[in-house]
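From first to last, the protein sequence lines are chains U and Z. For the first sequence, the tail end lands on 299 under the working numbering, and the numbers increase by one without skipping. For the second sequence, the tail end lands on 188 under the working numbering, and the numbers increase by one without skipping.
Check before you lean on any hint, since a few could be wrong.
Cβ-to-Cβ under 7 Å is the rule here; a few derived chain Z residues that face chain U [as the list claims (entries may be wrong)]:
| no. | residue |
| --- | --- |
| 1 | I7 |
| 2 | V13 |
| 3 | E15 |
| 4 | D16 |
| 5 | T19 |
| 6 | E152 |
| 7 | N156 |
For the record, the hints were derived by calculation from the structure and aren't laboratory data. Glycine included, each C-beta is placed from N, C-alpha and C at the ideal position.
The residues making up each chain are set out below.
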Amino acid sequence: MMNDQRFGIRKIVYYSEEILVENGLAPAVPAVRATAAAVVTNPWVDGQPTDDLSEEVVQLAPVLARKLTDVLAENLGGVEAIQAFGKAAIVGTDGEIEHGAALIHTPFFGNLVREYFEGESIICFADDRGDAGASLVVPLWHKNAAATRTHYQTITTRVSDAPRPGEIVVVLGASTGPRPHPRIGDRLTDPIVKADTLGELVS
Amino acid sequence: MSIRKIVTVTEDVLTEGGREVSPAARVAVVAAIIKNPWTGQGFVENLSEGIDANASDLGALLAPRVLEALGAPAEAYGKAAIVGLNGEIEHGSGLIHTLAFGNHFRDAANATTLLPAVEKRGPAGVIFDIPLKHITDATIRSHHQSIEVRINDAPHADEIVIALAAAAQGRPQQRLAAFSTEKN
Numbered sequence: 097m098m099n100d101q102r103f104g105i106r107k108i109v110y111y112s113e114e115i116l117v118e119n120g121l122a123p124a125v126p127a128v129r130a131t132a133a134a135v136v137t138n139p140w141v142d143g144q145p146t147d148d149l150s151e152e153v154v155q156l157a158p159v160l161a162r163k164l165t166d167v168l169a170e171n172l173g174g175v176e177a178i179q180a181f182g183k184a185a186i187v188g189t190d191g192e193i194e195h196g197a198a199l200i201h202t203p204f205f206g207n208l209v210r211e212y213f214e215g216e217s218i219i220c221f222a223d224d225r226g227d228a229g230a231s232l233v234v235p236l237w238h239k240n241a242a243a244t245r246t247h248y249q250t251i252t253t254r255v256s257d258a259p260r261p262g263e264i265v266v267v268l269g270a271s272t273g274p275r276p277h278p279r280i281g282d283r284l285t286d287p288i289v290k291a292d293t294l295g296e297l298v299s
Numbered sequence: 005m006s007i008r009k010i011v012t013v014t015e016d017v018l019t020e021g022g023r024e025v026s027p028a029a030r031v032a033v034v035a036a037i038i039k040n041p042w043t044g045q046g047f048v049e050n051l052s053e054g055i056d057a058n059a060s061d062l063g064a065l066l067a068p069r070v071l072e073a074l075g076a077p078a079e080a081y082g083k084a085a086i087v088g089l090n091g092e093i094e095h096g097s098g099l100i101h102t103l104a105f106g107n108h109f110r111d112a113a114n115a116t117t118l119l120p121a122v123e124k125r126g127p128a129g130v131i132f133d134i135p136l137k138h139i140t141d142a143t144i145r146s147h148h149q150s151i152e153v154r155i156n157d158a159p160h161a162d163e164i165v166i167a168l169a170a171a172a173q174g175r176p177q178q179r180l181a182a183f184s185t186e187k188n
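Let the hints inform the model, and build the full structure from the sequences given.
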């Protein structure tokens, strides 16, 4: 399969950020956020908007899920260290957003990422179409409890020379912990907020 | 030294020009985002105090990290200083253009040549290219290359990004004749 140019990965870019200080103070729980991005040929650039995309999805998406989870786990200290995840696709200008969606929004990518990362949450996402060098903010949330507010965070991904018009950049993001100084409460500490009683809460 | 963030980037090129690159060609970058040591001091005539307090520590921090990220012996290398908008380019140059900084990388990589460099001032998210050349012979043309870097929220106006880059090989599909074969 990998000898088929249509399913080849041109480039893999790993990017990580380790925050040592935020607003003058070290995080109580240090974390590393990272993205792994794979640049692939868009197998559907000459197609029609009515085409069935499933054949290529089955061939390509599992390869990307395996490769991107491997890169992140290897760099972040193993699957156990990964607490939050997210995914993204940037489609080159000859393609449809639907092509990126096909590679990240089916079980052939998402279920496998969940399985490899030992997570249970729906995977949050971003997708866009753009030129080479386009940056995209990838949302991340907790891999087992998506509503864990401390873990709502993002990381920006960018590949300098991709996507070319006929390419797609498929991205997986992960974090080993929460935001640097999470302090906005959670569902257990929130007051009940409704429009008609809001006045009682606002001084 | 106050480091806000450490960024690691690796790029693996698996195909170039439509042909497989085997093994994949890897270039790695590690960058430290630090507070500009001369922030708020006006024009500082003698930068040596700030250089002495930071340059060696930065080299010692970044050199092993970039070689670890590369995961292979370095064959080409380079460095960068990207100064936030309130600083002088001279501040960044001071931190990277000293043996106290570069020798950590040179020693760790068994290298002998000068480290090619980019020095630039810009806003957070500025794009910069780090030039790389061969670690023992800067005339080896196959290893002339560069890597593009962007950190979306750095440098702040009072920060400096200091980075090292390493490549495990020359350019993917490099096929230019050696410098020594050219006639004048």
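Hints and how they fare:
1. I7: holds (5 Å)
2. V13: holds (5 Å)
3. E15: holds (5 Å)
4. D16: Check passed: Cβ of D16 (chain Z) comes within 4 Å of chain U, closer than 7 Å.
5. T19: holds (5 Å)
6. E152: Holds, because the Cβ-Cβ distance from E152 (chain Z) to chain U comes to roughly 4 Å (cut-off 7 Å).
7. N156: holds (4 Å)
The structure fails none of the hints (numbered hints given earlier).
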